[in-house]
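For the record, the sequence lines run as chains Z and E.
The first sequence begins at 1 in the numbering used here and counts up by one.
The second sequence begins at 1 in the numbering used here and counts up by one.
One or more hints might be untrue.
Since the list can't tell identical chains apart, any single copy or any two copies may satisfy a pair.
What the hints assert, rightly or not - Derived DMTMM-like pairs (lysine to aspartate or glutamate); straight-line CA-CA distance at most 20 Å:
(1) K29 - E270
(2) K10 - E52
(3) K10 - D404
(4) K126 - D326
(5) K29 - D193
(6) K29 - E190
(7) K126 - E141
(8) K29 - E49
(9) K267 - E300
(10) K29 - E237
(11) K29 - E451
(12) K10 - D169
(13) K126 - D138
(14) K267 - D227
(15) K10 - E49
These are calculated hints, taken from the structure and not from any lab test.
Computed from a prediction, not measured in an experiment: that's the story for all the values here.
2 protein chains.
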Amino acid sequence: MGDEGTLISKVMAAIRRRVASRSLPVGAKLPSIRQMARTMQVSPATVVEAYERLAAEGLIRSRPGSGFFVASLAAPLDLSEIGPRLDRAIDPLWVSRQSLEAGEGDVKPGCGWLPPSWLPEAALRKALRGLSRASDVDLGEYSTPLGLAPLRLLVGRRLAETGVEAAPDQIMLTESGTQSIDLLCRLLLEPGDVVLLDDPCYFNFQALLRAHRVTVVSVAYTPSGPDLAQFETILAEHRPRLYITNSAVHNPTGATLSPVTAHRMLKLAEAYSLTIVEDEIFADFEDSPAPRLAAFDGLERVVQVGSFSKTLSASARCGFIAARRDWMAGLVDLKIATSFGGGRLSAALVLSVLRDGGYRRHLDGLRHRLAGARADVAARLGRLGIVPWLMPRAGMFLWCRLPDGLDSADVAREALAQNVVLAPGNAFSVSRSAGACLRFNVSQCDDRVFEVLEASLRGARARAPA
Amino acid sequence: MGDEGTLISKVMAAIRRRVASRSLPVGAKLPSIRQMARTMQVSPATVVEAYERLAAEGLIRSRPGSGFFVASLAAPLDLSEIGPRLDRAIDPLWVSRQSLEAGEGDVKPGCGWLPPSWLPEAALRKALRGLSRASDVDLGEYSTPLGLAPLRLLVGRRLAETGVEAAPDQIMLTESGTQSIDLLCRLLLEPGDVVLLDDPCYFNFQALLRAHRVTVVSVAYTPSGPDLAQFETILAEHRPRLYITNSAVHNPTGATLSPVTAHRMLKLAEAYSLTIVEDEIFADFEDSPAPRLAAFDGLERVVQVGSFSKTLSASARCGFIAARRDWMAGLVDLKIATSFGGGRLSAALVLSVLRDGGYRRHLDGLRHRLAGARADVAARLGRLGIVPWLMPRAGMFLWCRLPDGLDSADVAREALAQNVVLAPGNAFSVSRSAGACLRFNVSQCDDRVFEVLEASLRGARARAPA
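All chains should be modelled from the sequences, with the hints used to inform the complete structure.
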């Protein structure tokens with residue numbers, strides 16, 4: 001009976017899984033008793049009992065003479081259910097959720113943004129005052145489909161500084177860098193397509209792609225870009241439709257693409273009809289621009305996206321897409337369909353700050369301050385045996401390896417109990433092979449971080465299997 | 001040879017269609033010569049010639065010994081390609097595109113928003129000044145996952161006035177009402193699901209659903225809600241997973257749901273496991289609230305969405321979702337994955353205006369002004385033989401029928417040549433059965449609208465088939 005009970009549970013679990021994954025949607029007919037018995041290698045009586053119990057729960061119901069059907073609301077799409085579950089607690093949304101939900105007193109060396117005091121708050125306040133007085137700013141209207149023209153012009157000029165040529169009609173403003181990538185996925189992907197990511201990569205690329213129901217493959221990232229041999233093998237084998245990566249400063253590694261790697265990548269992309277989304281969200285952190293794929297390629301098969309959330313304000317939501325001219329109408333349609341007009345207010349605010357000479361000075365100061373912080377934090381981490389994979393040329397991140405084979409998920413959990421949000425390596429790793437790594441945001445590392453880190457390392461060591 | 005040429009073109013067109021629709025994605029192998037010849041009922045030689053020509057064009061390429069493969073970038077998703085194409089020029093995106101792209105001097109009686117001078121611009125400017133000074137507003141940070149807590153509390157209180165009970169943890173702020181519906185579609189729908197809309201309905205529901213690759217069915221809307229007999233038949237026959245509709249003031253008809261219809265709809269929704277998205281974007285136009293499905297249902301199988309773009313500002317992007325508590329975690333994950341944090345700045349601005357006593361006064365004045373404009377515009381349209389389907393109790397829309405069997409697409413094209421953007425009926429109609437209708441926004445109808453309308457009617461009459 002115990003054994004029979006186990007078999008009944010097994011059948012019930014199989015149906016529940018199929019309902020949860022929507023392979024059996026509401027209203028769908030369940031497999032016949034006989035068919036299910038064959039599939040699960042159990043007796044028909046076992047299936048009858050399992051179906052009856054599921055009907056009693058309300059998940060399915062029987063229609064006399066025609067079988068069993070899915071009755072209740074199927075479980076809604078759950079991003080945390082879709083991906084690899086080897087390390088359930090540390091999924092790609094872990095860092096975002098913990099960082100965005102952190103309380104007042106929490107420290108967030110794992111988060112991906114600067115503290116408010118590092119941002120040009122005075123310039124933002126000045127811009128708000130300006131907007132409240134300006135007679136030419138329409139505070140009530142939707143934006144035009146492509147977005148505020150003078151800001152598009154200015155974005156084009158900024159891109160030109162990195163060698164990317166984009167006319168204002170090839171630039172569409174969005175509400176964020178994330179929305180930019182989302183719109184491109186909507187334009188270019190179908191469910192079931194294959195998409196290539198770096199390993200490690202920005203964790204939200206994975207979360208976003210789960211929402212698009214595509215298959216993700218990954219290529220190891222080296223200090224000068226993706227591993228080219230692996231890149232070619234994957235292109236030949238999996239034929240990914242898209243590759244999403246960071247230019248300027250790679251997240252989380254801080255690596256910089258080399259010109260020779262960029263050139264070879266583009267040749268391979270052409271040979272295998274690959275489209276590349278180049279996210280240059282960290283562009284303003286650079287002293288001198290690293291090579292851009294979009295500059296080599298001329299926006300043929302490379303699309304650029306970016307935003308102002310890292311160096312100007314994460315609160316005024318404004319991003320952009322620079323793409324081939326023949327994709328713009330489709331992108332505009334998708335933007336209208338899924339978010340209607342853009343935010344004229346945020347765009348006007350960003351434009352006002354960018355136009356102010358103070359923003360360049362702010363960036364100069366910021367780069368200097370980050371360089372100091374990178375050196376300082378690397379030294380302090382070194383004393384704990386935590387070593388950066390490389391010393392980045394720019395940006396806020398240090399991608400580090402823990403000592404003694406410690407598991408960063410363990411360390412992150414210990415630290416979270418002390419209200420310190422760390423960013424464990426596997427949140428960034430499609431292959432879940434970065435369990436020994438942590439990403440540190442040097443602008444968010446105060447003394448308490450190192451104290452808690454030391455204690456957490458001790459805790460993780462004590463709990464590690466001998 | 002002419003005949004052979006036609007057959008070759010036929011095969012080429014078939015392949016092009018399959019590449020454009022992505023049923024043959026990049027890298028996919030084409031059907032073998034023999035197979036394609038059988039399918040198209042042509043000779044193998046015809047297929048060989050067609051494939052060679054497509055290869056010469058670069059769309060496909062041959063790999064010796066293994067056949068033909070799709071070579072070039074497949075056409076990206078084109079929303080205008082997916083839906084019904086009976087009336088290509090007037091697709092669901094027509095009104096949005098024309099209205100959002102309208103130039104300075106254009107008049108937009110077809111658009112879905114108020115002129116800036118009808119919005120509380122002084123209150124907005126005051127709120128901006130306040131934000132520029134406030135010490136407690138963080139201008140650099142991302143918002144928390146659910147969004148600004150005091151605004152969620154306030155949204156909950158406003159919903160309570162219509163009988164909808166939603167605790168702050170059942171409310172998530174978004175960047176727009178459209179994004180709210182988009183996130184719900186992402187949570188609840190799979191490609192290929194069936195979704196029910198009203199006929200007529202807000203055109204962007206159709207555009208949005210195309211982006212989700214679902215099948216749309218529609219139910220005729222009556223002055224008191226959807227036609228109940230048809231509603232039941234459709235639920236039984238098509239088993240739609242979602243029904244998206246307007247509460248408060250129906251767009252485009254201005255109809256008001258009756259309590260008895262609401263009650264019966266909910267019983268049917270329960271019987272057929274239907275989830276309902278109730279968009280209450282026009283709520284603030286009402287003098288006294290019409291019945292809300294969500295109030296009857298208690299947010300069990302009804303989800304409410306809304307925004308502040310119609311009565312406060314379309315520029316400060318801020319919307320919300322009020323839903324079952326067990327859906328909130330999934331919605332938050334999707335919001336983070338697809339747009340990261342929300343816009344704290346817009347939320348703070350909206351909160352500031354809503355808290356100001358001036359907003360209630362603004363609404364009182366606005367409702368009065370709209371009531372006058374509805375009566376005035378109805379009278380002036382009547383003189384042209386254009387008659388409202390009903391006189392709405394609230395809001396900015398009049399859904400009208402043209403005289404003499406005139407086609408509203410024709411009239412709209414005539415008017416557009418005179419820089420007047422009208423909203424032709426079939427943009428709102430899933431069944432494309434509203435060719436004789438136009439939606440008028442009474443707040444955007446100045447003298448020129450009636451002059452151009454009169455001339456356009458004349459033009460359309462002259463061009464109409466005798």
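- Any of the earlier hints contradicted here, and which numbers? The structure breaks hints 3, 4, 11, 12; every other hint is satisfied.
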